[in-house]
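Each chain, letter by letter, is given below.
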Amino acid sequence: MALSSTARLPAAEPAKRPARPGRRLAPYGFLAPFFVLFAAFGLFPLLYTAWVSLHRVELQTSDRMDWLGLQNYTRLLDDPFFWNALRNTFTIGVLSTVPQLLMALGLAHLLNHRLRGRAFYRVAMLMPYATSVAAATLVFAQLFGRDYGLINWVLSSTGLHPVDWQAGTWASQLGVSTIVTWRWTGYNALIYLAGMQSIPGELYESAAVDGASRWQQFRHVTVPGLRPTIVFTVIVSTIGATQLFGEPLLYEGNSGGGISHQYQTLGLYLYEQGWTFFHLGRAAAVAWVMFLLIVLLALLNAAIAARRNRTDR
Amino acid sequence: MATPRVRRSTAALGSTVLATALLLSACSSGGTGSADSAGGKVTLTVDLFGTFGFKEAGLYDEYAKLHPNITIKQTDTQDEGQYWQALQTKLAGGGGLADIQGLEVGRVAGVVQKQADKFTDLKTLGLGDVNDGLVEWKGAAIRTADGKVLGAGTDIGPEAICYRTDLFKAAGLPTDRTELAAKWSSWQGYLDLGKQYAAKAEAGNAWTDSAAGMFTAEVGQQKVRYADESGKPVYDSSPAVKTAWADATALVADGLSAKLAQWTPEWNKAFSTGRFATLSCPAWMIGYIKGQAGDAGAGKWDIAPGPGRTGNWGGSYLTVPRTAKHPKEAAELIKWLTAKEQQATLFTKQGSFPSSTGAQDAIKDATDAYFNNAPIGRIFSESAKAMPAQVLGTDDGVIGKAFTDALGEVERTGTAPDTAWKHALDNVKKANGN
Chain A
1 MALSSTARLP AAEPAKRPAR PGRRLAPYGF LAPFFVLFAA FGLFPLLYTA
51 WVSLHRVELQ TSDRMDWLGL QNYTRLLDDP FFWNALRNTF TIGVLSTVPQ
101 LLMALGLAHL LNHRLRGRAF YRVAMLMPYA TSVAAATLVF AQLFGRDYGL
151 INWVLSSTGL HPVDWQAGTW ASQLGVSTIV TWRWTGYNAL IYLAGMQSIP
201 GELYESAAVD GASRWQQFRH VTVPGLRPTI VFTVIVSTIG ATQLFGEPLL
251 YEGNSGGGIS HQYQTLGLYL YEQGWTFFHL GRAAAVAWVM FLLIVLLALL
301 NAAIAARRNR TDR
Chain B
1 MATPRVRRST AALGSTVLAT ALLLSACSSG GTGSADSAGG KVTLTVDLFG
51 TFGFKEAGLY DEYAKLHPNI TIKQTDTQDE GQYWQALQTK LAGGGGLADI
101 QGLEVGRVAG VVQKQADKFT DLKTLGLGDV NDGLVEWKGA AIRTADGKVL
151 GAGTDIGPEA ICYRTDLFKA AGLPTDRTEL AAKWSSWQGY LDLGKQYAAK
201 AEAGNAWTDS AAGMFTAEVG QQKVRYADES GKPVYDSSPA VKTAWADATA
251 LVADGLSAKL AQWTPEWNKA FSTGRFATLS CPAWMIGYIK GQAGDAGAGK
301 WDIAPGPGRT GNWGGSYLTV PRTAKHPKEA AELIKWLTAK EQQATLFTKQ
351 GSFPSSTGAQ DAIKDATDAY FNNAPIGRIF SESAKAMPAQ VLGTDDGVIG
401 KAFTDALGEV ERTGTAPDTA WKHALDNVKK ANGN
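For the protein sequence lines, the chains are A and B, in the order given. Everything in the first sequence is counted per UniProt numbering, starting at 1 for the first residue and increasing by one. Everything in the second sequence is counted per UniProt numbering, starting at 1 for the first residue and increasing by one.
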């Protein structure tokens, strides 16, 4: 930007000194590493995956590719396990994202007030985010153990029935969602907090003068002021939920997503096809369907946000 | 003023491009072989699953004493399913493979039919047929149609029943091996005795660990299980599968299962807490029980001949992948490890039952103090003698898992057996498909 604007100046001295090629190319040179890496590790895999998804490719004989056309895709749409995985991805997504964002909003609201040891709370909230998925999931899997888990121990000592957190459909989805919620709530709370701190204090003062209660201030000042931040977190969480993989994989340590596939997400379904059953072509087709799904969801999110903005104005 | 700036940016451009190029070339040149054979020293890598027990039985140390120039490095993965995934990925990529790779019997047919070119034919290394002294079917299973020998047989898995004498006593059952063996000479007898046990046992102490364990043991008693001699899949109609399925679901209906999933941390823990009184026990399970129940379990366990008196569950092979760095030395180690003396040592120390007929003769009278001095040599030898030459299909591993998962549904989510049966067939189709 700066370079081009100086170049356009109808400068006094050696009037139209043409920019030397090095000068014009330098910015591209600085950008090049990113684009080279992106082409090698982003664009090429994406396109090659599309190419693979049109073939029958098996890991055991991966040098052989038989043209199938769209058969991998039609087969996918006929597969009840695919729809099961899509449904699970959706329900686990809702179970984890909605409470996660609501709690994050509440926590951020609390942290936005003067509080003793505020810095400590802020750091503490980021700790789960800094924990590796594997470590967190293994600990939670122990807590949710059926026979020797802490949660069932508490349940049965308070006279309630212990729950099979692995085999039950809702129980296991709740278990997986808990891990996701635990990991990401603090992260989102900090983002909300940053958003809240950019809302001018006068708005609250004048709201208070008008007699607005704390709750009313939250609803009518904080939430509207946070809208762009909320849209951002919703989009990012939606993408994250669509790609959910590590937590359900390690929950019981297999790619099936439970004995009835009751918490097998799309990510796990892809992994199972590719690396348990070794059907790389089919896995590639799943990858592309997931990619399109995410693009679609992001567009949908953006469209809703844009419409709300318009109707507000 | 302009000139130095231009120069600087051109230089920056140049160095950025250079840095990128270096980065990329650094990526592409990684991971080629290391020269460790300098001075006659050879490091052999061995990659295994579960517990083969070579290291535990001191065989590596002994080999290193006989061959001072050889160092052996072993890595292992507990779960065979995960090991198999990693092995396939490495075979496809052609890198990261050890000099020696273990192979489970359920995977052998697939390897022999589809991946023979990825492994070294051990006959080409001048060691003769390494499987010469083994029971016939063990060697035949790893031989290709054109006679290549892709691996050497280690152990086989003759079956018996392991049981907890303390829990039996508490429930008023006999603890004598012969008496019990007579009572559970059939699977029906096993279920009947289980009902007797359940009537008196404390709540929470189930008769057996899982329906899956019983199913696998029972299916393993038949010659034809998941595929017939021509390789045609018969898993949905073979009498072996149907009978075992009916018995295993009856076990669940009678409330005799602890509903544990095998090879999970909960299952492992249950060995020491006494959640179950009996366990379908292939010979290699002896080592597993000792590992999980620990010293505290010594004397509490015993072994008796099981229903049907025979069966095979598991057993393994050692192979040398094509990409092995030291195929010759690796093959020599394999030959030594699977020779009859070492197979016999492995049984007395670890419980892995020899596939070598010579070793089988040698261990006939072995007993195990941990299991109340049970005559494990005699019990497993008799089971092995009656063992059918199992027909191995290319997808046995996947099919077995589909059925045991479905049984898990029956015990843990209360799915009707007929529905679960359908799920099992769907799952096999999902894995193979088209």
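Treat the hints with care, as some may be off.
Have a look at the derived ranges for each label pair, beta carbon to beta carbon [said to hold, decoys possible]:
#, chain 1, residue 1, chain 2, residue 2, range
1, A, Met127, B, Ala140, 43 to 49 angstroms
2, B, Gly299, A, Ile239, 36 to 42 angstroms
3, B, Ser272, A, Leu37, 18 to 24 angstroms
4, A, Val295, B, Gly126, 56 to 62 angstroms
Coverage of chain A stretches by chain B, computed from C-beta distances (three or more under 8 angstroms per stretch; other residues unrestricted) [as the list claims (entries may be wrong)]:
#, stretch
5, 46 to 52
6, 78 to 84
7, 142 to 155
8, 247 to 257
Hint data in this document are derived by calculation from the structure and do not stem from the laboratory. The structure presented is a predicted model; accordingly, all values stated were derived computationally and were not measured. Just so you know, even glycine gets a beta-carbon here, dropped at the ideal spot from N, CA and C.
Hint-by-hint comparison with the structure:
no., hint, verdict
1, A/Met127 <-> B/Ala140: 43 to 49 angstroms, "violated (58 angstroms)"
2, B/Gly299 <-> A/Ile239: 36 to 42 angstroms, "violated (57 angstroms)"
3, B/Ser272 <-> A/Leu37: 18 to 24 angstroms, "violated (51 angstroms)"
4, A/Val295 <-> B/Gly126: 56 to 62 angstroms, "holds (59 angstroms)"
5, 46 to 52, "violated (count 0)"
6, 78 to 84, "holds (count 3)"
7, 142 to 155, "holds (count 5)"
8, 247 to 257, "holds (count 4)"
The structure is inconsistent with the numbered hints 1, 2, 3, 5, although it conforms to all the rest.
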